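Student: Residue numbers (our numbering), protein chains in the order written: chain V, 635 to 1439; chain H, 103 to 335.
Just to be clear, a hint being listed does not mean it is correct.
[As the list claims (entries may be wrong)] Here are the computed distance ranges between Cβ atoms for each label pair:
1) V:Ser925 <-> H:Asp222: 54 to 64 Å
2) V:Thr655 <-> H:Gln193: 38 to 48 Å
3) H:Asp222 <-> V:Lys1345: 51 to 61 Å
[As the list claims (entries may be wrong)] Reference excerpt, derived from the structure (chain H facing chain V, CB under 8 Å, subset only):
4) Ser188
5) Lys192
6) Tyr194
7) Ile205
8) Glu207
9) Thr216
10) Ser253
Just so you know, these hints were derived from the structure itself, not from any lab.
These figures come from a predicted structure and were not determined experimentally.
Just so it is clear, CB atoms sit at the ideal spot from N, CA and C, and this is done for glycine as well.
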Amino acid sequence: MLRNYIKTAWRNLWKGRVFNTMNVIGLSVAIACCIMLFLTVYFQFTFDRFHVNINKIHQLSFSSSRAEGTEISTAMCAPLAQALKDDYQDIRYITRMANGGATVKYGGKELEKNIHFVDTDFFKMFTFPVVNGNKNNPLADLNDLVLTEYAAKAIFGKENPIGKTIELKYADTPHNFVVSAVVKDFPENSSITFDMLLRFEVTPDYQEHMKHWDWHDHSTFIQLHDNVKPEVFGKQLQTFVNKNFKEVIDGMKKDGAKADANGNVYSLNLLPFANNHFATEINGLEGGQVSKTYVFSLMAIGIFILVIACINFVNLSVARAFTRAREVGVRKTLGAGKWQLLVQFWVETFMVCLFAMVAGIILANFIMPGFNATFRSNMEISMLFKVSHILVMIGVLLLITMIAGLYPALLMMRFKTVSVLKGSVGNAKPGKTRNVLLVTQFTLSTLLIVCTLISWQQISYLKSRPLGYNKDEVISIPIGNSLKGDQALELFRNKMNGQPGITAITGAYDNMGSGKDGSMRTSRIGFDYKGHTVRTTIQGVSYDFLKALDIKLVDGREFSRAMAGDSNAIVINEKMAAQLGKNIRVGDLVPLDENSPSRIIGIVKDYNYRSLRSEIEPLTLVMQGYEINYVFVRVKADNLIRAFNQVKDKWHETFPNVEFTGSWINENTERQYVAEQRLSTIFISGAIIAIIISCIGLLAMSFMIMVQRTKEIGIRKVLGANVGVLVMLLSRDFLKLVLLAAVIAFPLAWWLMSKWLESFVYRTPIYWWIFALAGFIALAIAFLTVSFQSVRAALANPVKSLRSE
Amino acid sequence: MPKSFNNNMLSLQHISKYYQNGPNKAYVINDLSLDIEEGEFVSIMGPSGSGKSTLLNIIGMLDAPTDGYHYFIDQPVHQLKEKQRSALYKQYIGFVFQAYHLIDELTVYENIETPLIYQDIKGSERKALVADMLDRFGIVGKKDLFPSQLSGGQQQLVGVARALISKPKLLLADEPTGNLNSKQGEEIMELFRKLNKEDGVTIVQVTHSEKNAQYGSRIINLLDGRIESSITL
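Chain V extracted, bound-state conformation (with noise of 0.2 Å):
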């Protein structure tokens, strides 16, 4: 019987070939799709799952809530975890963990590679394990180093590692360790990202570090005893910050802090580690942080399409169903039974999108590395063949064809025996199904169309908005681990002294933008100044900033070197000489450091020294203090690319062995804008795709219609309509639909990406013509592909229609 089905069902196919081809083509290219993206998502939503201990693990977080809002920092400083410890017997394991680079000397070779340094709690609470070497305590001793696989296998090659020692250099001086153990490489999807692990004690001015508790720069993460419940925990945490930070809490209390719902205005509070990926709104967690708005974005687009393609292969279903309703009388007649008869559609429809997955699962493999590059993901399509993964395949594959398959099938099913076999059903009305289903896959294009559309709108809008300094022509250079920051930007100078087409060189602490380097830092302080206190981040700048980044002064001056005082002076943002009051003028003078206070020499206009996402905050520019990390070129306008060729070939005349990751400026503050830029791209993959499979749908619906009408084509022919006329009359129906679909998508698409744009302190306002646009383009399409066939339609002789009647 099966057999039978299969034979049919094959024939069957074959002779609707064109409609099933395109089926086949749009349903295979949803999944194709839906097959990245659910990836995408799986591979997010796992994100750190490896560690078994991933639900007990917390990270601290200090919470202090001032006058202006609550702030929370993941900055810890050195000597609380041990306190911390040894006041709290809740306390199974803690670590802290700061994060650096070094350069790796072994065998003739040097590697710049990342560090973690780590306390020995640290292996009993992450999931690393040890593949060679001690497995026990890995960092038992001071000068005991930890390697990834990765890591061992560029260094040693295939040399065993375990106990050789190699050189580190870093804070400019080199250290010896042992390599005693060698981990097995963590799964892409980790937050906790290193080459080495060492011990937190060999970190740079360990030993003075611990005499502070306001240094704060690096993590700390705590794991509970089972029975210890984190809320309860985290409240008892206070008696430890009240009796350590009283300074702290007196001065903000000084200056206005507001307590919090607890009463308190700083608080140490736990951040689950389960939740590091998705919280995007702390900063200094490890990882990169994803929002969960994105991954969920990722899952809609998906099951948007495959939803489109579903709607595509009920519609497509049911018009043929029409075609083939004789033949389901005259199997009626043969004695077949409704359940034969559903049996045999279904088996049918089975084909179809087995076919269709199968083709979707190697489109996929073909598209993955594409989709890997431009969406910065590391899948495989191994991923796909998990015994969880095919099982909800299968699932996917049962519920399509039972929705698509069953719901045609049941509607021949209903069709009168006899009417069918005099040939009647085939003028039927269109039915109120096929119509709310056009409309749903037209509601979710137009919605990805205007999301395109608006995000398209906010990436240029940030590109080109002006950013308070010029970007454009300057070179940013990051000076790398090997070199000291203030002797490699002066040797770099007089290297390009004299050169032509340079019209400045300076040098600063934090980069502008983001740099190839990735690296971003942030430098804030805080200091009393007339009775309140004053935050500003600092920048620490070399001579010639202001005028290599075009910055406008308001008042005053550059640093000079002609001015001997100047070393200690400080240049300040208008945002700073609000904060620091009305009446500050330059010369005046600002307690940065308590025991050699600061001149100012200039207030500059306020530029974005950060991506537009957040607001410009009171900045100060200091000479002295901050390690010069990124030296920027100037050049002339004229010939670009020979500028930077130069700059580069100077730079490797001066620095041999270093490597040159130099960028624009323009290209580093769009390099912010990677995530923003991502999910475009996906809003417009998605929203073309959505449109090619509704488009599909459309075209083979309208052939059907245009089949059911050709009867009254005709005669309409004969009484002297025109093609124009003709091709209105077939089309409107489906514009209809189309426009009412539009209507239906835009409160929609206004709201989520007024929501979207809520999370851009600068963003461009939702224009009413991007709505008028997008409809506009749905329509265009929707009536381009209509009038394929209702063209042809019209066109036809009605002499030919009339007489086959």
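The hints should help you fit chain H onto chain V, whose structure is shown.
Tutor: Below, chain H alone, put in the same frame as chain V:
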């Protein structure tokens, strides 16, 4: 009229079929009673719209009457459930159509085989039955062709073979020669006569042709949904 249970194949008593058309009823069949005995060959004639096809469809259980009693081999069809009706139909009735109504996607062989599939007959048995039938109708050489590759007469031959494959007691034919030329038509009618005489299959056919009607044992003339005359030949 008393119910008769002797060797009646089927019995229709006071059958009506009408459509409510506002306050009026449009009758297609109007209080019609008819008995057909086993072994009869009945031809139903009448002008267009006299209810011939509707009557045939009611007999074949493809259509249900609005009123009246319908007995088939002593079973009260008007009281049966869909499933029982379908079982009865599957076992005893074969249908031949004017437009042949072969399934285009199936070969000659498969078309003939289909009713057996729906009766859950095993593959080997099906093979034997279909082979017999192909042999009997002399279409063995055409078994792998599709309906579109056959002439009208050949298609109808397949249609008849398909109707007979499940060994029905009653063969219903709705203008079986309507789409055929006269020579092809004669062949089909000869076949019907042979089936009726030699195999004892009861046949009811609807026809426009006086000549074809002569092949049967009784001619019933319909007019406006009633029996105008019934002539036994």
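Student: Could you run down the list of hints and mark each one as holding or not?
Tutor: Hints versus structure:
Taking the beta carbon of each, V:Ser925 and H:Asp222 are about 59 Å apart, inside 54 to 64 Å as hinted. Judged by the Cβ atoms, the range 38 to 48 Å given for V:Thr655 and H:Gln193 holds: they are separated by roughly 42 Å. For the pair H:Asp222 and V:Lys1345, the beta carbons lie near 42 Å from each other, so the given range of 51 to 61 Å is not met. Taking 8 Å as the C-beta contact cut-off toward chain V, the hint placing H:Ser188 at the interface holds, the least distance being around 6 Å.
At its closest, the beta carbon of H:Lys192 sits 4 Å from a beta carbon of chain V; the interface hint therefore holds under the 8 Å criterion. Because the beta carbon of H:Tyr194 sits about 11 Å from the nearest beta carbon in chain V, more than 8 Å, this interface hint is broken. The beta carbon of H:Ile205 comes within 6 Å of a beta carbon in chain V, closer than 8 Å, and the hint placing it at the interface holds. The restraint placing H:Glu207 at the interface with chain V holds, with a minimum CB-CB distance near 4 Å, inside the 8 Å limit.
With its C-beta approaching chain V no nearer than about 5 Å, H:Thr216 sits inside the 8 Å limit, and its interface hint holds. For the restraint placing H:Ser253 at the interface with chain V, the shortest Cβ-Cβ distance is roughly 20 Å, beyond the 8 Å limit, so the hint is violated.
Checked against the numbered hints above, the structure breaks hints 3, 6 and 10 and satisfies the rest.
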